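Peer 1: Next come the chains, spelled out residue by residue.
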Amino acid sequence: MDLSMVDRSPGNYLDLEDIVMSDSKIPCRSRFHLKNIDLHSVPEEFDEGKKIELPLWLAESMTEFVRHEFPKEYTTRFQSILRADPEIVNLHRHEPKYFAKGLKLSSEKLDFPDPRDTVIMLETLLEAASRRMLWIAMQASASKINQSKVECKLDDGEKVHYSQLIAQQEEYKEWKTGRTGIIKESKDRFKSI
Amino acid sequence: MSGELAAELIRDLARAKDSLPAYDDTAVREIVDESIALSNKNREDISSTAMNQLIQDSADLNDVTPKERSTYTNVCLRAAGIERNKRCLIAYHMKRLEKIREIRWQGGPVIPDHLRSNLSASERTYSHKYNRALAKLMRGSGDLDFTQIQTPPKSLYVEVTCVEDVGDVELENGDRITLEKNSRYFLPRANVEPLVRQGLLKEIQRQV
Numbered sequence: 001m002d003l004s005m006v007d008r009s010p011g012n013y014l015d016l017e018d019i020v021m022s023d024s025k026i027p028c029r030s031r032f033h034l035k036n037i038d039l040h041s042v043p044e045e046f047d048e049g050k051k052i053e054l055p056l057w058l059a060e061s062m063t064e065f066v067r068h069e070f071p072k073e074y075t076t077r078f079q080s081i082l083r084a085d086p087e088i089v090n091l092h093r094h095e096p097k098y099f100a101k102g103l104k105l106s107s108e109k110l111d112f113p114d115p116r117d118t119v120i121m122l123e124t125l126l127e128a129a130s131r132r133m134l135w136i137a138m139q140a141s142a143s144k145i146n147q148s149k150v151e152c153k154l155d156d157g158e159k160v161h162y163s164q165l166i167a168q169q170e171e172y173k174e175w176k177t178g179r180t181g182i183i184k185e186s187k188d189r190f191k192s193i
Numbered sequence: 001m002s003g004e005l006a007a008e009l010i011r012d013l014a015r016a017k018d019s020l021p022a023y024d025d026t027a028v029r030e031i032v033d034e035s036i037a038l039s040n041k042n043r044e045d046i047s048s049t050a051m052n053q054l055i056q057d058s059a060d061l062n063d064v065t066p067k068e069r070s071t072y073t074n075v076c077l078r079a080a081g082i083e084r085n086k087r088c089l090i091a092y093h094m095k096r097l098e099k100i101r102e103i104r105w106q107g108g109p110v111i112p113d114h115l116r117s118n119l120s121a122s123e124r125t126y127s128h129k130y131n132r133a134l135a136k137l138m139r140g141s142g143d144l145d146f147t148q149i150q151t152p153p154k155s156l157y158v159e160v161t162c163v164e165d166v167g168d169v170e171l172e173n174g175d176r177i178t179l180e181k182n183s184r185y186f187l188p189r190a191n192v193e194p195l196v197r198q199g200l201l202k203e204i205q206r207q208v
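For the record, the sequence lines run as chains Z and U.
Under the UniProt record's numbering, the first sequence has 22 at position 22, and the numbering climbs by one with no breaks.
Under the UniProt record's numbering, the second sequence has 132 at position 132, and the numbering climbs by one with no breaks.
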């Protein structure tokens, strides 16, 4: 695998989930000694090599001044856990938008020490995502399953996929019993409160 | 850090998945004011020749003084903050307009009072204009109501039970009927569909 096959389009500018995800932080290191930097409410000084946590959206714009590092959920150690048994890992606890953030970390605007680490990280994500999707599909089609126990382990993208699979199961049952075409209450709350 | 107000605004809207929260005029003004303040500070800093050279990429960060390097870093930080605020504000407003259009398609031309009070004046104007444009389109298509019957119906009449007191409703044939809570009715689908979507009536599911 090489990075040319990854879709690095900027994503939907107006997508709220993408905006929320880009607020999550990644560790960076200052390239220079910088004084009186207006990062937070008071001016700060950063020595060369000092570790700073920046939100993704800011880290992408500051490549001239910082080098980037992988967050711990995307380091080799965590990746090896994910590779071994992806179905049991509680991704939501580590990073609620795990796969979306992982894809974002392959951005050309980020400067990691070794581009091969990015390739390895993406390969692990791809394999983990495929295995977890199969597992999620099995959970969605199983009867008498505690849905909340499944959902609590999923990242936000997987939760959407899981609820779509369950909705499709329900639609299929309705079709089998001839109950398609029933008018349903809109999910938007229009009733007077 | 700049961009935090904007992030909070977006998080609040993202959390309110199926409803439309009140328009946060205060937060929008504060974000705009923050962007203006950042822009003014940048204008003050971008005045020296060295700064201009750095911005135009004709100088290297290693060749300038530490003070100029720090100033340039702050200029870039503020520029990123301004772009972030702009993105959040545009996304916030566009998402709300999308929600207003959804409300029209799901709930009919009259917005319920509890949702209307959550709209800004501009959004109410937008909703009114969107209604008019949609009505004009539907009139031009032979008076077909696109917002009703969004799935092919199995029958023209449906049996419903009343969840809340609806009061008087006028049917397509001109008759009037009073819908009372917990009563059952057999009515034309076209009249019933918007009321079911609003949660006032519930279709009775027949076992096949």
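One or more of the hints may lead you astray.
Cut-off 20 Å, straight-line C-alpha distance, at most; resulting in silico cross-link-like pairs (EDC-like, lysine to aspartate or glutamate) [to be verified]:
#, chain 1, residue 1, chain 2, residue 2
1, Z, Lys35, U, Glu170
2, Z, Lys35, U, Asp60
3, U, Lys202, Z, Glu185
4, Z, Lys51, Z, Glu69
5, Z, Lys51, Z, Asp15
6, U, Lys86, U, Glu102
7, U, Lys86, U, Asp24
8, Z, Lys109, U, Glu83
9, Z, Lys173, U, Asp24
10, U, Lys41, U, Glu68
11, Z, Lys35, U, Glu180
12, U, Lys95, U, Glu170
13, U, Lys17, Z, Glu44
14, U, Lys181, U, Asp145
15, U, Lys181, U, Glu170
16, Z, Lys159, U, Glu170
17, U, Lys86, Z, Glu69
18, Z, Lys109, Z, Glu64
19, U, Lys129, U, Glu170
20, U, Lys41, Z, Glu44
21, U, Lys154, Z, Glu64
Because the hints were derived from the structure by calculation, they are not lab data.
Since the structure is predicted, the reported quantities are computational estimates derived from the model, not experimental observations.
Peer 1: So, for every hint listed, does it hold in this structure?
Peer 2: Evaluated hints:
Restraint check: the Cα-Cα separation between Lys35/Z and Glu170/U comes to about 73 Å, which exceeds 20 Å; the hinted pair is violated. Proximity of Lys35/Z to Asp60/U is assessed by CA-CA distance (about 18 Å); at most 20 Å being required, the pair is judged to hold. In summary, the hint linking Lys202/U to Glu185/Z is supported, as the alpha carbons are separated by about 8 Å, within the 20 Å threshold. The straight-line distance between the Cα atoms of Lys51/Z and Glu69/Z is roughly 10 Å, inside the 20 Å bound, and the hint therefore holds.
Distance restraint check for Lys51/Z and Asp15/Z: the Cα-Cα separation of roughly 30 Å exceeds the 20 Å cut-off, and the hinted pair is therefore not satisfied. Simply put, Lys86/U and Glu102/U have alpha-carbon atoms about 24 Å apart, too far for the 20 Å limit, and the pair is violated. Taken as a hint, the Lys86/U and Asp24/U pair is honoured in the structure, with Cα atoms around 16 Å apart against an allowance of 20 Å. With a C-alpha separation of about 16 Å, the suggested pair Lys109/Z and Glu83/U falls inside the 20 Å cut-off, and the hint holds.
Under the criterion of a C-alpha separation no larger than 20 Å, the hint pairing Lys173/Z with Asp24/U is inconsistent with the structure, at around 42 Å. With a C-alpha separation of about 15 Å, the suggested pairing of Lys41/U with Glu68/U holds against the 20 Å cut-off. Distance restraint check for Lys35/Z and Glu180/U: the Cα-Cα separation of roughly 72 Å exceeds the 20 Å cut-off, and the hinted pair is therefore not satisfied. The straight-line distance between the Cα atoms of Lys95/U and Glu170/U is roughly 34 Å, outside the 20 Å bound, and the hint therefore fails.
Between Lys17/U and Glu44/Z the CA atoms are separated by roughly 38 Å; this puts the pair beyond 20 Å, and the hint is violated. At roughly 27 Å between alpha-carbon atoms, Lys181/U and Asp145/U are farther apart than 20 Å, so this suggested pair is violated. The suggested pairing of Lys181/U with Glu170/U holds, with an alpha-carbon distance near 17 Å, which does not exceed 20 Å. At roughly 43 Å between alpha-carbon atoms, Lys159/Z and Glu170/U are farther apart than 20 Å, so this suggested pair is violated.
At most 20 Å may separate the alpha-carbon atoms for a hinted pair to count; Lys86/U and Glu69/Z exceed this at roughly 27 Å. A distance of roughly 10 Å separates the Cα atoms of Lys109/Z and Glu64/Z; the hinted pair therefore holds under the 20 Å criterion. For the proposed pair Lys129/U and Glu170/U, the alpha carbon gap of about 26 Å is over 20 Å, so the pair is violated. For the proposed pair Lys41/U and Glu44/Z, the alpha carbon gap of about 17 Å is at most 20 Å, so the pair holds.
Taken as a hint, the Lys154/U and Glu64/Z pair is broken in the structure, with Cα atoms around 63 Å apart against an allowance of 20 Å.
Hint check: violations occur at hints 1, 5, 6, 9, 11, 12, 13, 14, 16, 17, 19, 21; the rest are consistent with the structure.
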